[in-house]
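In the order they appear, the protein sequences are chains A and B. Sequential numbering of the first sequence, starting at 2, is according to the numbering used here. Sequential numbering of the second sequence, starting at 2, is according to the numbering used here.
No lab work stands behind these hints: they were computed from the structure. Be aware that one or more of the hints could be misleading.
Identical copies look the same in the list; a pair holds intra-copy or inter-copy alike.
Derived DSS-like pairs: lysine-lysine, alpha-carbon spacing no greater than 25 Å straight-line [claimed, not checked]: (1) Lys105 to Lys202; (2) Lys202 to Lys14; (3) Lys105 to Lys191; (4) Lys105 to Lys14; (5) Lys14 to Lys138; (6) Lys191 to Lys14.
There are 2 protein chains.
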Amino acid sequence: MHFTTDAISQLDKHFRTHLINSLSGFKSANLIGTQDSAGNTNLAIVSSVIHLGAHPPLVGMIMRPHSVPRHTFENILATGVYTINQVNSEIVEQAHQTSARYDKNESEFDATGLTTEYLANFSAPFVAQSRLKYAVKFVEHQHLAVNGTELVIGEIIDLHVEDSAILEDGFIDIESINTVTISGLDSYHKTHAITRLPYAKKPR
Amino acid sequence: MHFTTDAISQLDKHFRTHLINSLSGFKSANLIGTQDSAGNTNLAIVSSVIHLGAHPPLVGMIMRPHSVPRHTFENILATGVYTINQVNSEIVEQAHQTSARYDKNESEFDATGLTTEYLANFSAPFVAQSRLKYAVKFVEHQHLAVNGTELVIGEIIDLHVEDSAILEDGFIDIESINTVTISGLDSYHKTHAITRLPYAKKPR
Numbered sequence: 002m003h004f005t006t007d008a009i010s011q012l013d014k015h016f017r018t019h020l021i022n023s024l025s026g027f028k029s030a031n032l033i034g035t036q037d038s039a040g041n042t043n044l045a046i047v048s049s050v051i052h053l054g055a056h057p058p059l060v061g062m063i064m065r066p067h068s069v070p071r072h073t074f075e076n077i078l079a080t081g082v083y084t085i086n087q088v089n090s091e092i093v094e095q096a097h098q099t100s101a102r103y104d105k106n107e108s109e110f111d112a113t114g115l116t117t118e119y120l121a122n123f124s125a126p127f128v129a130q131s132r133l134k135y136a137v138k139f140v141e142h143q144h145l146a147v148n149g150t151e152l153v154i155g156e157i158i159d160l161h162v163e164d165s166a167i168l169e170d171g172f173i174d175i176e177s178i179n180t181v182t183i184s185g186l187d188s189y190h191k192t193h194a195i196t197r198l199p200y201a202k203k204p205r
Numbered sequence: 002m003h004f005t006t007d008a009i010s011q012l013d014k015h016f017r018t019h020l021i022n023s024l025s026g027f028k029s030a031n032l033i034g035t036q037d038s039a040g041n042t043n044l045a046i047v048s049s050v051i052h053l054g055a056h057p058p059l060v061g062m063i064m065r066p067h068s069v070p071r072h073t074f075e076n077i078l079a080t081g082v083y084t085i086n087q088v089n090s091e092i093v094e095q096a097h098q099t100s101a102r103y104d105k106n107e108s109e110f111d112a113t114g115l116t117t118e119y120l121a122n123f124s125a126p127f128v129a130q131s132r133l134k135y136a137v138k139f140v141e142h143q144h145l146a147v148n149g150t151e152l153v154i155g156e157i158i159d160l161h162v163e164d165s166a167i168l169e170d171g172f173i174d175i176e177s178i179n180t181v182t183i184s185g186l187d188s189y190h191k192t193h194a195i196t197r198l199p200y201a202k203k204p205r
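Only chain A is shown next, with the shape it has when bound in the complex (with noise of 0.2 Å):
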C-alpha cells in the first residue's frame, strides 16, 4: 500500500490522524503531574516523553498549548516543577480517562481515582500506583513554530523506583514492572523482552 503527499493530504481527518500516529512506532506511556500556584493537582497522559540525555539528566516531551493537556503546560510554566510517572498495565484505564476534558479547577487524580503522593518534599504530585517515577524540575521550552507545539524539556531531581528493577548495569526492566506502551492514539500494549544487545562493534 503506498500513500503519496497527495493522497495523505486528502485523507479524512480522522482516518489521518489515527494513520500518521501510528507512524513513529512504540510510544512511552506517561502521566504528568502538576499543581497550579493555589495547590490544585492535575494529571495527564502524554506519549511524547522521551530520552534527551543522560549527562546531565534531562527528558523531553511535546506539547499542544491549545489540546487537552494544557493546563499541564500552565502548570509547569507557573511552578517550574512536574512529575513523570510510567503507566502500567494495573491503570491503563484510569491513566487513559485522564485525557478527557475536565476543567482546570477538576483534579484528575479524583476524577479518575488515580491517588496523589508527594515524596521527598517535593511539591508536585506523584502518582502512589506508578511504580517507577520522578521529579522533574522545568529547564525550558522550544517552541516549534512548524506546527504550534511545545518542546519542554526537564531535569531529573530525584528518582522513586522499586529496588528489584534495577539490574546490576543500571538499566531498569521496566517490563518487570509492568510499564505499558501505546501505539497510535489509543492502543495500549504490554511487551515481552527478545533479547538485549551488546554495544555494537565493528568486526575486525
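Starting from the known structure of chain A, arrange chain B on it as the hints suggest.
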C-alpha cells in the same frame, strides 16, 4: 529505591547512562536511511523518533551530532531527504549492528546484510526488510543548547505499508507487522495488545 540529584550525579558513568535511558519508558525502533551527495548509503538505528503532528504530517528525532549517527545528520543536511523504516523482530540484530562505528565510506546496509530499496523515485534508500517505511523531507533542525543535541524535524511525504495492517479507522496495527520497541540503550521487546480505548469523555 530513591535516588536524589546528588546520588544520580555520583553514579558510575555507564550505570547512570543505563539508568537514565530507562526512565522515559518504551521507545520507538527505527532505521534512518540516507545517502551523501555522491550516493554513498548510510543506515542508523534511532530510538528517538517521535510523532510531532498529523496536520501537517510531521516527525521528529533527536540526534547527537558528535556520536555515532553523525553521518546521518550530515547526509540529511546535505541532501534534504531521508527514510524512516520501522524495525521488526526479524531484523533486530542487523538493525542494532548499524550502531557500530563504521567509517563514512562504509555502508551499514552492506555491513549488516540489510537491503537497499528505492521506491517512488525518492532518492534516499529504504530498508527492503522493513514492513512500514516512509519518505521524509527535512524541514528544519532546532539546536538544544542545554546539551548540544539537535531536534531534526521532517515532513512525511510517501508512506509504504502492508495493506493488511491498516484498520478501518486509519490506525495501523504495527504489532501485526512485528514492529518492536526498545527500552534503555539495548533491550528489544515484542508487544501484546491489551486494549484500544475510546476517545475519553468526561462522565455526565
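So, going through the hints one by one against the coordinates:
For a Cα distance limit of 25 Å, the shortest separation of Lys105 from Lys202 across copies, 15 Å, qualifies, whereas the shortest one inside one copy, 52 Å, does not. For the homomeric pair Lys202 and Lys14, the shortest alpha-carbon distance between copies (20 Å) is at most 25 Å, but the shortest distance inside one copy (45 Å) is not. For the identical chains of this complex, Lys105 and Lys191 are neighbours neither inside a copy (32 Å) nor across copies (38 Å), given an alpha-carbon limit of 25 Å. In this assembly of identical chains, Lys105 and Lys14 lie within 25 Å of each other by CA distance neither inside one copy nor across copies; the values are 28 Å within and 42 Å between.
In the homo-oligomer, the alpha carbons of Lys14 and Lys138 lie at most 25 Å apart only across protomers (22 Å), although the nearest pairing inside one protomer, at 36 Å, exceeds that limit. With identical chains, the CA atoms of Lys191 and Lys14 are never at most 25 Å apart, being 29 Å at best within one copy and 30 Å at best between copies.
Violation of the numbered hints given earlier is confined to hints 3, 4, 6; the remaining hints are satisfied by the structure.
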